[in-house]
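Peer 1: Here is what each chain is made of, one letter per residue.
2 protein chains.
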Amino acid sequence: MKFGVAMFPSKELQDKVNQYRKRYDAHYALIPPHITIKDRFEADESEKDEIAKYLKEVAKKHQPTEIEIKKVSSFSPNSLVIYFKVEKNEELQSLHDALNSGDFYGENKHPFVPHLTIAQGQTTQEYEDIFGHLSMIGIQHKETLDRISLLYQLENGVWQVYETYRLGEG
Amino acid sequence: MKFGVAMFPSKELQDKVNQYRKRYDAHYALIPPHITIKDRFEADESEKDEIAKYLKEVAKKHQPTEIEIKKVSSFSPNSLVIYFKVEKNEELQSLHDALNSGDFYGENKHPFVPHLTIAQGQTTQEYEDIFGHLSMIGIQHKETLDRISLLYQLENGVWQVYETYRLGEG
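Chains as they are written, first to last, in the numbering used here: chain A, 38 to 207; chain B, 38 to 207.
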């Protein structure tokens with residue numbers, strides 16, 4: 038089955054992001070607003086306990102981290118995804134690296150760009166209109182993230198949180 | 038904001054339940070298949086840490102529990118909800134009671150009937166047709182549940198897992 042690791046921000050930020058996703062994100066119904074820490078990976082259900090154990094260890098070795106969002110950005114031309122850019126910080130990078138350096142279900146295919154997706158699945162023309170509009174949004178937000186979540190994907194495409202791990206505890 | 042406490046079964050059982058929910062459950066898109074342990078309750082976001090602490094304590098005092106499903110049932114005439122009935126057991130009842138006896142955001146309004154909803158939101162005529170059909174399903178399923186999940190509801194109605202607590206640990 039397919040697993041992934043993400044961080045979910047506060048309800049306040051999720052609700053704000055959803056206002057845009059509702060109109061612009063083709064994956065709106067499949068997962069609430071999140072920051073991906075490890076992209077989907079394939080593992081047998083029987084490996085779940087080992088995965089959970091590893092994530093618990095990684096979480097214990099990290100601390101809650103303050104994130105800051107200052108602007109809207111895009112992965113264009115690589116992909117027509119528009120997002121709230123989360124400023125990189127050491128703790129996020131270290132969390133990412135612990136899960137994507139090759140010891141744990143493969144390396145990341147892309148450099149780590151922490152973000153909250155607000156639009157995807159549009160045609161090029163739609164993308165340009167929407168990006169023009171969204172890049173005018175003034176966003177300035179800070180909050181502290183204190184946990185990572187292990188998710189698996191149901192057959193209908195929806196991502197279910199299997200378990201959560203608090204940073205700096207355990 | 039609105040909180041709730043639920044247990045999520047295995048992906049296998051969730052996928053099976055979703056085959057029916059997809060057609061018959063008006064709440065299909067808002068939450069994956071689950072067993073409600075405490076109905077939605079209102080609390081301020083600032084109470085989240087206290088709620089989490091309480092749930093961790095409750096989880097620690099309980100053990101993983103084997104559930105069994107043997108039939109389809111319904112809450113009719115009280116409500117037109119059709120569900121897979123989860124046989125009651127002491128551990129489930131004790132978990133429920135710890136969260137619904139009045140010390141923790143009020144008592145339960147109904148007796149505890151553990152279940153996985155498969156249909157709701159139909160008219161009486163639709164309900165009767167669907168119940169006639171679904172009550173013929175042969176279901177026989179056992180599995181062990183090992184954690185409870187604290188959820189909150191986003192403005193769009195979707196329930197987000199905030200944190201999970203393993204039974205018998207902590």
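Check before you lean on any hint, since a few could be wrong.
[Claimed, not checked] Where chain B lies over chain A, by a calculated footprint (3+ residues, C-beta under 8 angstroms):
#1 40-51
#2 138-151
#3 194-201
In case anyone wonders, no lab produced these hints; they're calculated from the structure. Keep in mind the model is a prediction, meaning the values are calculated, not measured. Virtual Cβ for every residue (Gly too), placed ideally from N, Cα, C.
Peer 1: Could you check the structure against the hints above and give me the numbers of any it violates, in ascending order?
Peer 2: The structure conflicts with hint 2 only, although it agrees with all the remaining ones.
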